[in-house]
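Undergrad: Going down the list, the sequences are from chains A and B. Residue numbering for the first sequence follows our numbering, starting at 229 and increasing by one per position. Residue numbering for the second sequence follows our numbering, starting at 349 and increasing by one per position.
Just to be clear, a hint being listed does not mean it is correct.
Claimed, not checked - Between beta-carbon pairs, the in silico distance windows are:
#	chain 1	residue 1	chain 2	residue 2	range
1	A	256	B	618	51 to 61 Å
2	B	370	A	241	46 to 56 Å
3	B	618	A	290	37 to 47 Å
Treat the hints as calculated values from the structure; they're not laboratory data. Glycine included, each C-beta is placed from N, C-alpha and C at the ideal position.
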Amino acid sequence: MLYIKCPYCGWRSQNEFSYGGDASIKRPKLNKEVSDQDWDNFVYNRKSLRGKHWELWQHLSGCRQWIKVERDTATHEIFKTLKADEDISL
Amino acid sequence: MEKYSIFNLVKNAFSNHKNWDLAWKDPTPKKEYDVVIIGGGGHGLATAYYLAKEHNITNVAIIEKGWIGGGNVGRNTTIIRSNYMFDENALFSEFGMNLWRKMSQDLNYNVMFSPRGIINLAHSDAQMNVYARRGNSMRLNGIDAVLLNREQVKEIIPMADFSENVRFPIFGGLMQPSAGTARHDAVAWGYARQADSMGVDIIQNCEVTGFDVSEGKIKGVRTSRGDIKVKKIGLCVAGSTNILAEKLNMTLPIETHLLQACVSEPVKPVLDRVVTFGAGHFYISQSDKGEMVMGGDLDGYNSYAQRGNLPTLQHVLTEGIAMMPFLSKLKMLRTWGGIMDMSMDGSPIIDKTHIEGLYLNCGWCYGGFKATPASGWTFAHTIAQDRVHELNAGYRLNRFNTGHLLDEKGLGTKTWIS
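Work out the full structure, taking the sequences as your base and the hints as a guide.
TA: Dropping the structure here:
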């Protein structure tokens with residue numbers, strides 16, 4: 229069982245969350261020419277790292293906020309959680 | 349190679365079975381090969397076997413980080429089927445079904461292929477219509493399909509919950525009578541033994557640490573047991589695809605996810621088919637030993653852990669008990685997890701890449717086991733001929749770029765949205 233510290237609600241069990249995938253993916257900027265490759269990278273291509281991985285989770289059965297979680301994909305250890313609008317590099 | 353037969357069994361009985369040949373050797377890697385297959389799982393072993401058998405390419409090495417058959421081919425739920433609606437998937441899988449039917453004879457190894465049939469349960473009129481359509485598509489592609497009504501399903505699986513007040517009442521189901529199961533380890537070992545006998549080097553405990561690529565061409569592979577010069581490399585590493593792709597500076601439409609399965613204590617024969625309960629994310633069959641073999645959906649987040657968490661297992665078994673209440677009386681014997689190379693449209697990739705001499709076989713989601721022979725056969729063709737066969741023409745890597753997705757179920761890595 230994963231325990232995730234929601235930045236809004238505190239420690240909650242995995243059952244309350246749903247997963248939203250890689251948090252480092254950025255949508256191509258609007259009003260700019262976007263190449264097919266850029267769209268591919270945004271929509272389909274993923275690094276799927278083994279080790280530390282920033283990802284999105286939604287506290288679906290709680291405050292319903294999206295959050296960012298830094299988790300190890302090999303050990304399931306969770307290092308850090310942020311609000312969705314906080315920058316990973318913080 | 350010593351043939352496995354009743355006569356050899358009797359002959360070896362006189363020496364207390366101490367003089368059997370080794371099923372495969374343990375060679376040290378040579379300096380150079382024509383083809384190196386990375387990954388000694390079912391697909392890698394099958395690829396090497398068909399390279400030798402169909403294309404006469406025998407200067408081949410299989411490089412495996414752990415031991416052969418220790419990954420997903422040793423940790424699946426052994427279901428073999430071809431009940432797909434899309435032509436690409438249906439024809440590919442049915443080609444595989446034909447290889448399964450003669451595999452034990454072909455490999456001189458009993459893979460215990462048991463075509464017991466698979467039933468997908470339906471729980472509404474709409475779902476019955478969808479299954480009728482899928483069944484018709486299957487039959488047009490020469491695959492057997494039978495649409496069952498509620499009474500017919502009840503005759504086959506009377507132990508399921510047919511009461512009126514359940515959340516998902518059983519309306520009927522779609523059955524593929526020729527689908528079935530096989531002994532997964534035997535598939536890996538059978539392919540390994542035959543490939544070895546034709547000259548393929550099976551190199552275990554050998555980790556790939558890097559690649560030599562220059563001028564867009566594969567020149568060699570660096571391993572923990574030395575560098576190997578090679579012109580063609582086949583990548584068959586399932587859940588580890590992204591780790592090796594990173595060493596090649598490639599980013600693929602693949603995410604690695606965790607899938608769990610479990611078996612109960614063995615009981616007397618009760619279920620002689622494979623049954624899937626899609627609405628509840630649950631499927632079940634009974635092994636020859638009597639264990640109930642059960643599985644469900646992904647844990648739902650990227651993982652390389654090869655072990656699962658309890659919430660998913662609890663969900664799977666709750667759904668299982670909802671479908672077949674007698675399961676609540678059984679004790680669990682084992683649970684395990686494997687890491688799945690989930691592609692973004694739910695279909696695999698068997699293709700060349702932009703690097704000359706690098707071939708890719710990945711994205712099997714959780715349908716990899718049944719595809720073992722067809723995947724090996726088409727991948728061997730792709731490597732040997734340097735072009736895709738018409739059977740894997742739908743499994744190109746560039747389909748994500750051109751928009752020709754093969755979204756059979758409309759699910760990619762996010763399977764839980766069903």
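Undergrad: Does each hint fit the structure? Answer for all of them.
TA: Comparing the hints with the structure gives:
Distance hint check for residue 256 of chain A and residue 618 of chain B: the Cβ-Cβ separation is about 55 Å, which falls inside the suggested range of 51 to 61 Å. Separation of residue 370 of chain B from residue 241 of chain A is about 50 Å and conforms to the stated range, judged on CB atoms against 46 to 56 Å. At roughly 41 Å, the beta-carbon separation of residue 618 of chain B and residue 290 of chain A lies within the given 37 to 47 Å, and the hint holds.
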